[in-house]
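Participant: Residues per chain, in single letters:
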Amino acid sequence: MTTTELMTLKTEPFVLNFGPLHPSTHGVYRMRATLDGEVVLDIEPVFGYLHRGIEKLAEERTYTGFIPLTDRLDYICPMSNNLAYCLAVEKLAGIRVPERAEYLRVIMAELQRLVNHFIAVGTFLNDCGAFMTPVVYMLREREKILDMFDMVCGQRLTYNYMRIGGVGQDIPEEFLPALRKFLGTTPRFIEEMEWLLKQNEILLARTKGVGILPRDTAINCGISGPVARASGVNRDLRKADPYSIYDRFEFDIPTGEAGDCYERYRVRIEEMRQSLRILEQVTKQIPGGPVRAEVPHLIRPPRGEAYAHLEAPKGELGFYIVSDNSIAPYRCHVRPTSLINLTALREMVRGWKVADLIVIFGSIDITMGEVDR
Amino acid sequence: MKFERYGIGIIKGMTVTIRHLLRHPTVNQFPEQRLNVSRRTRGNELIWSREKCTGCATCAKTCPQGAIEIVTATNAENNKYEVETYRVDTGYCIQCGLCVEACPYDAVFMGYSYERAKYRRGELVQTNDELLESPERPASGYYHPDIAGKLPVQTLLVDKIVEKRK
Amino acid sequence: MMPNLPMQAVPPDWPGGYWWHWLFFSILLIAFVVIMVMGAIWIERRGMGRMQSRLGPNRTGPFGLLQPVADAIKVLLKENIVPDSADKLVHWLAPVIAFAPVMMIFAVVPFQNGALLADLNIGILYVVAVSSVATLGVFMAGWGSSNKYSLLGAMRNVAAVVSYEMPLVLAIVGVVLVAGSLSMNDIVLAQDIPFILLQPLGFLLFFTAGCAEINRSPFDLMEADSELVAGFHTEYSGMKFAMFYLVEYAEAIAISAIITTLFLGGWRGPVLPPWLWFIVKIFIVFFFMVWTRTTLPRVRIDQLMALAWKFLFPLALINLFITAIQVLVWPDALPWGLIIVNIAIMVILVVVWSKFFKLGWGRLEV
Ligand code: SF4
Ligand code: SF4
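Protein chains in written order, with the working numbering: chain A, 1 to 373; chain B, 1 to 166; chain C, 1 to 366.
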């Protein structure tokens with residue numbers, strides 16, 4: 001071949017399947033990526049490998065009987081799912097929740113946020129290629145929280161703890177001391193994580209400026225949670241539309257500006273600190289009293305519909321329920337955080353390299369259980 | 001993007017990992033070292049008490065999976081209403097604990113034991129006497145505070161770590 | 001230990017002369033490498049386990065020492081699967097081609113004064129030449145298994161090796177200038193002070209480039225498990241996979257051995273016997289590699305290239321230049337003064353060059 005021929009050598013893009021079984025698609029997500037060498041030209045998501053029809057199943061369960069199934073939506077943070085569903089039913093049926101139950105709900109929701117962010121940050125760093133170390137440290141910390149969840153509700157993953165009109169059982173007396181101990185050790189752990197990776201040059205090079213999600217796109221795509229806040233959207237439902245008793249606590253909403261992967265990682269770390277701050281306040285204020293309102297065994301909410309949303313660790317999680325005055329919902333719809341946050345993925349990854357595709361995907365933090373439902 | 005910190009961040013990170021080399025590992029060696037599970041643990045078998053059960057079937061109605069099957073009969077001889085079959089298909093059960101919560105007579109319990117896997121699906125369907133409490137099938141304290149009080153205290157990772165630091 | 005064969009005028013009085021002798025020691029050497037690899041795997045898994053607050057394998061044998069053996073047996077008993085669309089011959093040949101050169105490196109590494117299989121007077125050149133042949137095997141693996149992940153991994157590997165060969169060789173040249181010889185044995189003999197002190201920058205460059213060349217983390221792009229599943233050996237199983245696994249660690253041991261020889265004074269050391277010193281030093285260097293692997297995230301392919309061409313290559317040139325001047329102007333200067341000067345030069349160069357070093361943003365408009 002002559003030099004001119006070499007210079008005009010035609011290359012053509014090829015299609016590479018990522019997933020559904022791939023080490024870093026966080027479940028069974030599949031994308032068909034069109035690559036030009038290492039550069040991602042386009043991706044096409046393929047969903048549905050984990051579809052279980054949970055929304056339809058809700059129509060055949062009693063209102064209480066659906067709570068265990070919400071655990072299976074976003075299985076990293078079932079407490080938040082439980083809570084969102086219960087809020088929706090309570091709104092529909094007009095049930096008031098006792099004071100102590102509200103506090104317990106806040107404790108569980110914030111611990112759940114910590115769990116989720118531990119996993120999110122850990123797996124994100126794993127996707128960056130830090131060989132298992134951050135993920136193992138994070139899982140160790142998560143283990144402490146899972147121990148506490150196990151203590152109150154008897155399971156480590158599918159909690160089924162929230163009930164319509166309160167929570168399942170009161171916490172055992174060992175719980176609060178354990179929580180205080182946890183609050184004592186965790187800030188130090190977060191500091192250590194910061195030492196490990198905050199200023200790491202390789203991490204900075206890999207994540208700063210990578211996968212920028214502009215503020216407008218974030219708003220237009222309906223993206224919420226840490227991903228949106230990293231792009232400068234200052235919206236956190238705990239402040240914007242306070243549910244439960246979040247208006248009683250002092251905390252800040254960390255936001256970023258750049259909207260890149262690094263900023264998303266920073267926002268998550270800051271949110272962990274804020275969650276710890278909320279937990280400190282809750283443990284000081286928690287009152288005594290009943291933990292569950294008097295509700296009938298089979299609830300029959302009046303005809304109508306209700307939508308309740310909350311700030312789940314991954315973003316806005318909502319439940320829309322239509323009631324026809326029977327013991328089961330007539331229709332139940334979930335506003336899944338992960339699915340909607342994924343919508344901007346294509347915009348974010350186009351033009352980046354394969355390695356960045358994985359990092360950007362990891363920085364969004366999705367759970368397939370929630371995407372496919 | 002510049003290499004702003006000349007490798008300081010990398011060195012900082014390396015100090016963290018090397019410090020962990022000197023710390024105690026937090027794993028435990030399962031078959032030999034066993035931790036106490038939670039007192040409220042929802043283990044993988046239901047436990048049923050024949051004496052307390054009245055056959056009201058509240059548990060069967062509550063179960064979201066329809067895993068419980070109850071057949072009752074009237075015993076004409078001593079004029080009593082009694083439970084003929086109480087069958088749980090553990091293969092369908094999702095260990096949600098709603099039946100335990102719902103039972104008005106405290107007649108069902110979640111299991112406290114683990115490692116109760118079976119080799120055949122058929123063995124998962126348990127009927128009457130197979131569901132009774134026995135030494136290898138203790139009841140857990142889920143929704144039964146009286147039982148919970150007697151069970152050993154749960155081992156917590158936080159405690160372990162806090163003790164080691166001292 | 002092994003006598004210095006080619007230097008001896010009289011053939012050893014073994015039946016059959018040299019041939020039996022060489023055969024015996026070659027087999028001994030291969031056995032040595034395999035045992036070292038097992039040691040390395042054990043160190044990596046246990047060390048990494050402890051750094052991640054786990055225990056690592058501890059069931060097979062005392063302290064899990066037999067775990068590599070158990071793994072080897074398991075992997076050898078596995079079925080050998082060849083993809084339907086693979087190029088069978090290339091697929092079969094690739095592990096062999098990757099395996100041979102790594103073993104050949106050890107022929108010139110001195111275990112003791114004069115104890116090496118072949119004291120080539122161009123020893124280090126031979127190492128550089130032979131070690132890059134392994135890339136061919138990797139590329140054949142990537143190409144032959146007709147899997148897109150494998151191909152991507154193999155292409156990354158070729159690009160990395162081609163780029164990192166430059167700073168690697170230039171860093172070696174610095175050492176050769178100071179030692180005044182290309183023979184590995186003479187280089188060790190010249191190290192009254194370990195060259196890591198006389199050539200700190202050279203050491204840094206060599207270590208980084210060496211890690212990149214053998215694809216240790218943070219430069220393990222060719223088998224980046226979070227991106228490319230397993231990179232070039234995605235389609236390998238059984239015995240052939242075991243070969244690649246062996247090569248990976250044998251390469252790491254080889255690079256550690258070369259670093260030991262060039263910079264850490266080889267087998268020289270007080271008290272302990274020389275061959276033990278050599279092995280201990282190899283494992284210290286290897287442990288350092290494990291440590292970096294545990295801590296650092298992976299770089300991206302364009303950053304890898306940028307690091308080679310914009311950072312390591314110019315620094316290696318400057319290092320060569322400075323070393324040449326030092327050797328010319330002060331052939332026998334006070335070493336301690338020189339050491340301090342050299343370390344100062346290293347710090348200043350790294351800091352200043354970091355200011356110039358820019359990474360691209362990495363995004364293309366599509
Ligand atoms: S634990 Fe839940 S699923 Fe299992 S039998 Fe009881 S109610 Fe049904
Ligand atoms: S709810 Fe309790 S008493 Fe009624 S049938 Fe079930 S186990 Fe028996």
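Treat the hints with care, since some could be wrong.
[As the list claims (entries may be wrong)] Simulated crosslink set (DMTMM-like; lysine to aspartate or glutamate; CA at most 25 angstroms straight-line):
{"id": "1", "chain 1": "B", "residue 1": "Lys-12", "chain 2": "B", "residue 2": "Glu-32"}
{"id": "2", "chain 1": "B", "residue 1": "Lys-160", "chain 2": "A", "residue 2": "Glu-173"}
{"id": "3", "chain 1": "A", "residue 1": "Lys-10", "chain 2": "A", "residue 2": "Asp-42"}
{"id": "4", "chain 1": "B", "residue 1": "Lys-12", "chain 2": "A", "residue 2": "Glu-270"}
{"id": "5", "chain 1": "B", "residue 1": "Lys-61", "chain 2": "B", "residue 2": "Glu-115"}
{"id": "6", "chain 1": "B", "residue 1": "Lys-61", "chain 2": "A", "residue 2": "Glu-174"}
{"id": "7", "chain 1": "A", "residue 1": "Lys-181", "chain 2": "A", "residue 2": "Glu-191"}
{"id": "8", "chain 1": "B", "residue 1": "Lys-150", "chain 2": "A", "residue 2": "Asp-42"}
{"id": "9", "chain 1": "B", "residue 1": "Lys-150", "chain 2": "A", "residue 2": "Glu-174"}
{"id": "10", "chain 1": "B", "residue 1": "Lys-160", "chain 2": "A", "residue 2": "Glu-59"}
{"id": "11", "chain 1": "B", "residue 1": "Lys-52", "chain 2": "B", "residue 2": "Glu-101"}
{"id": "12", "chain 1": "B", "residue 1": "Lys-160", "chain 2": "A", "residue 2": "Glu-44"}
{"id": "13", "chain 1": "B", "residue 1": "Lys-12", "chain 2": "A", "residue 2": "Glu-191"}
{"id": "14", "chain 1": "B", "residue 1": "Lys-52", "chain 2": "B", "residue 2": "Asp-159"}
{"id": "15", "chain 1": "B", "residue 1": "Lys-61", "chain 2": "A", "residue 2": "Glu-192"}
{"id": "16", "chain 1": "C", "residue 1": "Lys-148", "chain 2": "A", "residue 2": "Glu-44"}
{"id": "17", "chain 1": "B", "residue 1": "Lys-61", "chain 2": "A", "residue 2": "Glu-191"}
{"id": "18", "chain 1": "B", "residue 1": "Lys-61", "chain 2": "A", "residue 2": "Glu-280"}
{"id": "19", "chain 1": "B", "residue 1": "Lys-61", "chain 2": "A", "residue 2": "Asp-42"}
{"id": "20", "chain 1": "B", "residue 1": "Lys-12", "chain 2": "C", "residue 2": "Glu-44"}
{"id": "21", "chain 1": "A", "residue 1": "Lys-181", "chain 2": "A", "residue 2": "Asp-241"}
{"id": "22", "chain 1": "C", "residue 1": "Lys-148", "chain 2": "A", "residue 2": "Glu-59"}
{"id": "23", "chain 1": "A", "residue 1": "Lys-91", "chain 2": "B", "residue 2": "Glu-101"}
{"id": "24", "chain 1": "C", "residue 1": "Lys-148", "chain 2": "A", "residue 2": "Asp-42"}
{"id": "25", "chain 1": "B", "residue 1": "Lys-12", "chain 2": "A", "residue 2": "Glu-194"}
{"id": "26", "chain 1": "B", "residue 1": "Lys-160", "chain 2": "A", "residue 2": "Glu-192"}
{"id": "27", "chain 1": "A", "residue 1": "Lys-181", "chain 2": "A", "residue 2": "Asp-170"}
{"id": "28", "chain 1": "B", "residue 1": "Lys-52", "chain 2": "B", "residue 2": "Glu-69"}
{"id": "29", "chain 1": "A", "residue 1": "Lys-56", "chain 2": "B", "residue 2": "Glu-136"}
{"id": "30", "chain 1": "A", "residue 1": "Lys-198", "chain 2": "C", "residue 2": "Asp-302"}
[What the hints assert, rightly or not] Short, incomplete list of chain C residues facing chain A, as computed with Cβ under 7 angstroms:
{"id": "31", "residue": "Asp-71"}
{"id": "32", "residue": "Lys-74"}
{"id": "33", "residue": "Thr-294"}
The hints are simulated quantities; they were obtained by calculation from the structure and are not laboratory data. The C-beta atom is built at its ideal place from N, Cα and C for all residues, glycine as well.
Participant: Evaluate each hint against the coordinates.
Facilitator: Hint check results:
{"no.": "1", "hint": "B:Lys-12 / B:Glu-32", "result": "violated (37 angstroms)"}
{"no.": "2", "hint": "B:Lys-160 / A:Glu-173", "result": "holds (19 angstroms)"}
{"no.": "3", "hint": "A:Lys-10 / A:Asp-42", "result": "holds (19 angstroms)"}
{"no.": "4", "hint": "B:Lys-12 / A:Glu-270", "result": "holds (20 angstroms)"}
{"no.": "5", "hint": "B:Lys-61 / B:Glu-115", "result": "violated (28 angstroms)"}
{"no.": "6", "hint": "B:Lys-61 / A:Glu-174", "result": "violated (33 angstroms)"}
{"no.": "7", "hint": "A:Lys-181 / A:Glu-191", "result": "holds (17 angstroms)"}
{"no.": "8", "hint": "B:Lys-150 / A:Asp-42", "result": "violated (61 angstroms)"}
{"no.": "9", "hint": "B:Lys-150 / A:Glu-174", "result": "holds (14 angstroms)"}
{"no.": "10", "hint": "B:Lys-160 / A:Glu-59", "result": "violated (45 angstroms)"}
{"no.": "11", "hint": "B:Lys-52 / B:Glu-101", "result": "holds (15 angstroms)"}
{"no.": "12", "hint": "B:Lys-160 / A:Glu-44", "result": "violated (47 angstroms)"}
{"no.": "13", "hint": "B:Lys-12 / A:Glu-191", "result": "holds (12 angstroms)"}
{"no.": "14", "hint": "B:Lys-52 / B:Asp-159", "result": "violated (38 angstroms)"}
{"no.": "15", "hint": "B:Lys-61 / A:Glu-192", "result": "violated (50 angstroms)"}
{"no.": "16", "hint": "C:Lys-148 / A:Glu-44", "result": "holds (18 angstroms)"}
{"no.": "17", "hint": "B:Lys-61 / A:Glu-191", "result": "violated (50 angstroms)"}
{"no.": "18", "hint": "B:Lys-61 / A:Glu-280", "result": "violated (41 angstroms)"}
{"no.": "19", "hint": "B:Lys-61 / A:Asp-42", "result": "violated (51 angstroms)"}
{"no.": "20", "hint": "B:Lys-12 / C:Glu-44", "result": "holds (21 angstroms)"}
{"no.": "21", "hint": "A:Lys-181 / A:Asp-241", "result": "violated (31 angstroms)"}
{"no.": "22", "hint": "C:Lys-148 / A:Glu-59", "result": "violated (45 angstroms)"}
{"no.": "23", "hint": "A:Lys-91 / B:Glu-101", "result": "holds (23 angstroms)"}
{"no.": "24", "hint": "C:Lys-148 / A:Asp-42", "result": "holds (17 angstroms)"}
{"no.": "25", "hint": "B:Lys-12 / A:Glu-194", "result": "holds (9 angstroms)"}
{"no.": "26", "hint": "B:Lys-160 / A:Glu-192", "result": "holds (19 angstroms)"}
{"no.": "27", "hint": "A:Lys-181 / A:Asp-170", "result": "holds (20 angstroms)"}
{"no.": "28", "hint": "B:Lys-52 / B:Glu-69", "result": "holds (17 angstroms)"}
{"no.": "29", "hint": "A:Lys-56 / B:Glu-136", "result": "violated (39 angstroms)"}
{"no.": "30", "hint": "A:Lys-198 / C:Asp-302", "result": "holds (22 angstroms)"}
{"no.": "31", "hint": "Asp-71", "result": "violated (18 angstroms)"}
{"no.": "32", "hint": "Lys-74", "result": "violated (21 angstroms)"}
{"no.": "33", "hint": "Thr-294", "result": "holds (5 angstroms)"}
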